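**Q** Sequence:
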Amino acid sequence: MSLVPRSLFSRLVLVLLTGLVIAQLLSFAIHMHERGELLSQASGMQSAQRIADIVTLLETLSPDERHRIVPVLSAPPIIISLDRPVLAAHDQDAEASTRAALFGAMLRRLLGDGRPVVVAVAEGVLLQPAPMRGFKGPEMHGAWMPPMAGLRASSVPGFSFIAQVRLRDGALATFDSRLPRETVTWPYRLLVSIAVLLIAVVAVSLVAVRWATRPLNALADAAGELGKNINRPPLPEKGPEEVRRAAQAFNTMQARLIGHIRERTALLAAMSHDLKTPITRLRLRSELLEDPQQRAKFIRDLDEMEAMVRDTLAFLGGLESGEPVKPVDIMALLESLQADMLELGGPVEITGGSARPYPARPQALKRCLRNLIENAVKYGKTARVVVDDSDARLEIRIQDEGPGLPQSELEKVFEPFYRVEGSRSRETGGTGLGLTIARKIAEDHGGRLSLRNRDQGGLEASLLLPRPRVG
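Per our numbering, the sequence shown runs over residues -7 to 463.
Worth flagging that the hints you see were computed from the coordinates, not collected in a lab.
Taking lysine-lysine pairs in the DSS-like style, the calculated list, with each CA pair at most 30 Å apart, reads:
hint	residue 1	residue 2
1	370	289
2	318	358
3	370	404
4	432	268
5	318	432
6	432	370
7	358	432
8	358	404
9	268	289
10	289	373
11	404	432
12	358	373
13	404	289
14	373	432
15	373	404
16	358	370
17	370	268
18	268	358
Here are the computed distance ranges between Cβ atoms for each label pair:
hint	residue 1	residue 2	range
19	247	302	25 to 33 Å
20	337	401	23 to 31 Å
21	247	20	50 to 58 Å
22	284	373	26 to 34 Å
23	191	440	38 to 46 Å
24	267	245	26 to 34 Å
25	347	12	47 to 55 Å
26	448	228	48 to 56 Å
27	321	284	46 to 54 Å
28	373	250	41 to 49 Å
29	250	342	34 to 42 Å
30	447	401	16 to 24 Å
In this text the structure is predicted, and so the values were computed from the model without any measurement. We put the CB at the ideal spot given by N, CA and C, even for glycine.
With the hints as constraints, model all of the structure from the sequences given.
**A** And the structure:
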């Protein structure tokens, strides 16, 4: 049994919660470590403990011994003095007073005998030790640096706990415990923890969204491909429950569309077959008519009926076209259509060029371009083909010099069997399916076909075909 949840909602919740819990645990560990160090440093716990130890040591020594040992013990961050005057009371801000009180309380607790302790907080600098070359102290200490001579005044902003402790013999010891400002100001580790949390949440979110949208993207791509190829392979029915149900519904819809198209095509094919016999009989009977004008009218109507049936079947048959995609030399294709039209007396001019083949269904694309060029020659007397090719798309514009179309008719002419009254009508022939078929072929290739009236006069059909992305 798989431990991965079945529904998309549950998977998203699992991923997000797991990532957030891990990130919060890491952040909590960093915060706890930071909190302990900051409290220890800000309260001066280490300094208070060291002062208490030094006081205990000094009380075991005579005054002369104290004056000899104090210079040895006096080194940053604690400077010791035995001859400073008594600290005078002075006003301090609330923050400094709080720090002084806390430090004094800790020092009294560590000393443990209730002796008087005076603590003040002062702004100052933290002096950094600088080693002195060639200096040798007493042999009992080895190589060491004298406390004050070895300090260089490269100041680091900070503050001092100045504590005065009265020894048992009445001597006054002053301790200057200096702490860098960073220990009580902005905590950079906190920024690091926040950054870790932010990066973790963003990373988890990206993974979750990608995991969630991948099957949806596949479904969207399949829907887009369905319009180009109704017989495309069905979607794999796997993944979360919602995605599987959507894939099943999509595959069912595709199967129904294929069945519907096949039934409609078969029905019209049967109708076409059945119509051939009465049309043939009518054609034979029309030949028996004595009136030449009536005979011509009958024959023209019969020709139109045959053309309608033929074009309708061709249009519906295109929905099931299984023609494979191949690289097509666009310029060679246009030149062959130009030669065909010249034989029929239609002038065609080609300008521009295509640098490389276009992947298409050759016969379908040829039919699309033939319909557009024939329309231009039929209604505009001439056709001018402009080829504009680039890395992103291939555009072919067919221009004529005819009367154009009303603005309201530019989209209607793409409807099946629709013909414009007047300049573009049944008198010029056709069944009203040429542009419909051309647009269908363009859409099957992922492109679009549109019409517009030219400013110089005439109509322009623009066939825009996207080029596949490389890589």
